[in-house]
Amino acid sequence: MREVNVKKVLTLAAIALVVYLLLNDPQGAAGGVQNVLGWLRDAAQSVITFVQRLFV
Numbered sequence: 009m010r011e012v013n014v015k016k017v018l019t020l021a022a023i024a025l026v027v028y029l030l031l032n033d034p035q036g037a038a039g040g041v042q043n044v045l046g047w048l049r050d051a052a053q054s055v056i057t058f059v060q061r062l063f064v
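Residue numbers for the sequence shown follow this note's numbering, beginning at 9 and rising by one.
Just so you know, the hints here were simulated from the structure itself, not pulled from any lab data.
Computed from a predicted model, the values in this text were never measured in an experiment.
Don't be surprised by glycine CBs; every beta carbon is placed ideally from N, CA and C.
Wrong hints could be hidden among the right ones.
Unchecked claim - Taking CB as the label site, the calculated pair distances span:
{"id": "1", "residue 1": "38", "residue 2": "61", "range": "33 to 43 Å"}
{"id": "2", "residue 1": "64", "residue 2": "11", "range": "50 to 60 Å"}
{"id": "3", "residue 1": "21", "residue 2": "41", "range": "17 to 27 Å"}
{"id": "4", "residue 1": "23", "residue 2": "48", "range": "16 to 26 Å"}
{"id": "5", "residue 1": "48", "residue 2": "11", "range": "29 to 39 Å"}
{"id": "6", "residue 1": "24", "residue 2": "47", "range": "22 to 32 Å"}
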């Protein structure tokens, strides 16, 4: 019997979920992407501020 690769199954399930959400609620998916990008931008700005204050 062939062993099921759990990581591969979870990856495929995550991709299927993303595709499902994009097809059923594209505006909601776009809002989610904007939120994630905003969090990443804020995190990057916090790191930049931290590093700047180390050397000032």
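Hints versus structure:
no. : hint                   : verdict
1   : 38 with 61: 33 to 43 Å : holds, 35 Å
2   : 64 with 11: 50 to 60 Å : holds, 55 Å
3   : 21 with 41: 17 to 27 Å : holds, 20 Å
4   : 23 with 48: 16 to 26 Å : holds, 21 Å
5   : 48 with 11: 29 to 39 Å : holds, 36 Å
6   : 24 with 47: 22 to 32 Å : holds, 24 Å
Violation of the numbered hints given earlier is absent; every hint is satisfied by the structure.
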